[in-house]
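Undergrad: One-letter residues, chain by chain:
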Amino acid sequence: MSGNLSVRVWRGRADGAFQSFEVPRYASQSVLDVVTHIQRKLDATLAYRYACRVGMCGSCAMTVNGVARWTCRTHVDKVAADGRLEIAPLHHLPVIRDLVADMREFFDKWARARGSFRGTKTRHDGFAAVSPASRKRRAIEAGIECIGCGVCYSACDTVAWNPDYLGPAALQRAWTLVNDVRDTANPERLRAVAGDGGCGACHTHLSCTERCPKQLSPTAGIAGLKRAVTMAALRGTL
Amino acid sequence: MNSHASALGNDVRARNHPAWWAFLVHRLSGIALAIFLPLHFFALGQALEGAAKLEVFLRWTDQPLFHFGVWGLVVLLAAHLAGGLRLLALEFLPWREWHKTLAAIAAGFTLAAGIAIALAL
Ligand code: SF4
Ligand code: SF4
Ligand code: FES
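Going line by line, the protein sequences match chains A and B.
Here the first sequence stands for residues 1 to 238, numbered as in my numbering.
Here the second sequence stands for residues 1 to 121, numbered as in my numbering.
Any given hint could be a false lead.
What the hints assert, rightly or not - List of simulated lysine to aspartate or glutamate pairs, EDC-like, C-alpha gap at most 16 Å:
1. A:K121 with A:D183
2. A:K226 with B:E91
3. A:K214 with B:E97
4. A:K214 with A:E141
5. A:K226 with A:E188
6. A:K214 with A:E145
The hints are simulated quantities; they were obtained by calculation from the structure and are not laboratory data.
From a predicted model like this one, the values you see are computed outputs, not experimental measurements.
Generate the whole structure from the sequences, applying the supplied hints.
TA: Next comes the structure, spelled out in structure tokens:
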């Protein structure tokens, strides 16, 4: 692998612009490698974020050639066959600077979707016995590996169309807790995800499912919430 | 819209996947039906007032343009129906990895309906 990549990188805040760089191309180069090369060798003022480099922390997500991706595990070969890269911050979030998006509203919405566990047991109680084969535990299994990268949130058009929309990751998190037999916040949680910005706002574009780097399907969890909310409303327990 | 610059919004590159196209077809066919179905019934109602008018109407329905219009309406209906059934299957049946298959079935159904009506007209 040789030659150069033509890379356009977003600079500044939301009203910024793309700046062009030439970056040498290597075998097995990731998009994060390209950004790091620019910051270390070409322009030390470039702001971006990463930590683990191995697809665990969820901090390196950016928009690469128009598509939200985790950059540490996105190979240049896969996304820039013609040697061109356009790298921007994640969409649908305020831009702090360059490639750094402000994730606050993304995580605040997890809290609004009652995304934290509330149990009753203490350290003096025994373990809850939950069969791994049970339907509820398997529903949790399908959504629990989320790394909070925000790729789905950036891919989801509903987030842009409806600023109150809680978004795929927060709703998927709520769904895993709706299925947690130990959790005690559930009537409230269903109410929290039933409103205007809740699961009913999802248009089932499946962009979240298409783009999630962990191959999760937030749409599946949202469909589950829609059914759970409908059932609760019919039963009068909402 | 969010307050962020439109230069950083999703464009066709972000949306280019089967489920998004299926969503777009469903939405556009819904809008087109909402516009053209009332027109269609209005035209029918007008034409059916009185026998003389019926004559005119029947002659009018012989025209290729009319046939094309009817064909278009049926295709829109088929697309919207298939898209709706696709969504119901996706959201109310147990979740599985079949959304691309469902989109393909919906497209196939619409195509088949289009061909069948074209042959019948
Ligand atoms: S399926 Fe729902 S959450 Fe996922 S991208 Fe579409 S609208 Fe957003
Ligand atoms: S659901 Fe997937 S895309 Fe969304 S935050 Fe979690 S890991 Fe990232
Ligand atoms: S740097 Fe941690 S997921 Fe990419």
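Undergrad: Give a verdict on every hint.
TA: Hint check results:
1. A:K121 with A:D183: Since the Cα atoms of K121 of chain A and D183 of chain A sit roughly 10 Å apart, the hinted pair holds (cutoff 16 Å).
2. A:K226 with B:E91: holds, 8 Å
3. A:K214 with B:E97: holds, 15 Å
4. A:K214 with A:E141: holds, 13 Å
5. A:K226 with A:E188: holds, 15 Å
6. A:K214 with A:E145: holds, 7 Å
Going through the hint list in order, the structure satisfies each hint without exception.
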